[in-house]
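K.L.:
Chain by chain, the residues:
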Amino acid sequence: MSKLSAIRSTKADSIATARLSVETSGEGFFEITAEVARFLEQIGARDGTVLIYLRHTSASLVVQENADPDVRIDLVTALRRLAPANAGWVHDVEGPDDMPAHVKAMLNGVSLQIPVSDGDLALGTWQGVYVAEHRTSPHGREVVLQFCGSCANSDRASD
Amino acid sequence: MSKLSAIRSTKADSIATARLSVETSGEGFFEITAEVARFLEQIGARDGTVLIYLRHTSASLVVQENADPDVRIDLVTALRRLAPANAGWVHDVEGPDDMPAHVKAMLNGVSLQIPVSDGDLALGTWQGVYVAEHRTSPHGREVVLQFCGSCANSDRASD
Amino acid sequence: MSKLSAIRSTKADSIATARLSVETSGEGFFEITAEVARFLEQIGARDGTVLIYLRHTSASLVVQENADPDVRIDLVTALRRLAPANAGWVHDVEGPDDMPAHVKAMLNGVSLQIPVSDGDLALGTWQGVYVAEHRTSPHGREVVLQFCGSCANSDRASD
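Protein chains in written order, with numbering that gives the first Met the number 0: chain A, 0 to 158; chain B, 0 to 158; chain C, 0 to 158.
Simulated from the structure, these hints should not be mistaken for lab results.
All figures in this text were calculated on a predicted structure; none of them were measured in a lab.
Just to be clear, a hint being listed does not mean it is correct.
Same chains, same names: a pair is fine if it fits in one copy or spans any two.
Said to hold, decoys possible - Once the Cα atoms are required to be at most 25 Å apart in a straight line, the calculated SDA-like pairs of lysine to any residue come out as: (1) 2 - 54; (2) 2 - 25; (3) 10 - 121; (4) 10 - 139.
Only chain A is shown next, with the shape it has when bound in the complex (with noise of 0.2 Å):
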């Protein structure tokens, strides 16, 4: 059984980009739901998709549960036991976190597109953005946020 709301159309008149970037510390997740936010804020964007992309192939993006902590520390012990160290891999010039890494970052994804309505995220009330390090060692990790849709100051499309 399913019901569709009232439908809301715009203009989409603009692309806008940027990078940010996000410092880890080590294996975990990094949220970035706020960073997301102010950028759509900046921009002045109405309705629209922002599309996050991750540039990196042993780190990954995940929408997941912002309220108890106990459920990142849980993500991360399931995404070892599925892609163990140690485990036989060819690939171990990296160091045995690498291989793993690059199982966990496959399985996750790097690519993720969220609904903005009003200039707001549409994400469910639990739901936050993080990136997920599945390295042991802090990296610098870079990500690409760009909006495609409606902009109140639609000027800048012109910029």
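Based on these hints, arrange chains B and C on the given structure of chain A.
P.N.:
Positioned in the frame of chain A, the structure of chains B and C alone reads:
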């Protein structure tokens, strides 16, 4: 070996958004292909992309085989093996099916884009779009549908 | 800790779509990065997003390391461990490699978006785009490429 077809171009002139409420009856796959197609028909969509976004952290979106229902039974089995209940999770206050549901949602993801061509979803012959419910009990799930592209009745864009 | 770059804005004025046929030689990773880049060049893409969509349920799309080929060997091994053949699957009429292929396709996904900046894919240094074939025998796979954004020769949009 690969080969590119002729290219079809159009103006990107409108964005239309709606929310779809889906009632699940517990763990399993719930098809929403027809609902997405109906949304595209209602807005007079021609060429563009439809974003399907699930606002939850213990269910996910999956494009999978719509022919033999045994495939979906096996997919549920596969997910249970990858994220078993009672596997020593720290987060267990919401029941033994909750943390496995978060793991499954992380692996499958909650964001999906499908190209639309001449108003039709460009799905493969055997592809259907599903909300995968990972909790044991029935849940109400909210999906955001957002089309970006050209519409037959582009006047809607200025509604 | 995170830092946002300068924002680059443009008009979203065109959508271009084409289909790419990819012949796989059986289980493994088949790179399509050059084909996607050629499509963007042909349409004169400047800024926007390219959607890559695979119309199948037993193969998937993956962004992963394009340097050491051993990484792809290990990724195949990892997927075999996560979805083994002969694991008591109900759906086995299409051979022992079929149901594991569906599981792998579900985990990796079939829909991928990559930002395009000044006509170039905004991939990380070590990222390549791959069709991951999960069936044992060679298959013809169809990929939809769809660019949404601004084009140098925007006259195309009214072709």
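K.L.:
At most 25 Å between alpha carbons: which applies to residue 10 and residue 139, within, between, both or neither?
P.N.:
The answer is neither: 36 Å in one copy and 31 Å across copies each exceed 25 Å.
K.L.:
Checking residue 2 and residue 25: alpha-carbon separation at most 25 Å within a copy, between copies, both or neither?
P.N.:
between (43 Å within a copy, 18 Å between copies)
K.L.:
Is the C-alpha distance from residue 10 to residue 121 at most 25 Å within one copy, between copies, in both cases, or in neither?
P.N.:
both (18 Å within a copy, 23 Å between copies)
K.L.:
Could you figure out if residue 2 and residue 54 sit no more than 25 Å apart (CA to CA) within one copy, between two copies, both or neither?
P.N.:
between (37 Å within a copy, 15 Å between copies)
Against the hints set out earlier in the document, a violation occurs for number 4 only.
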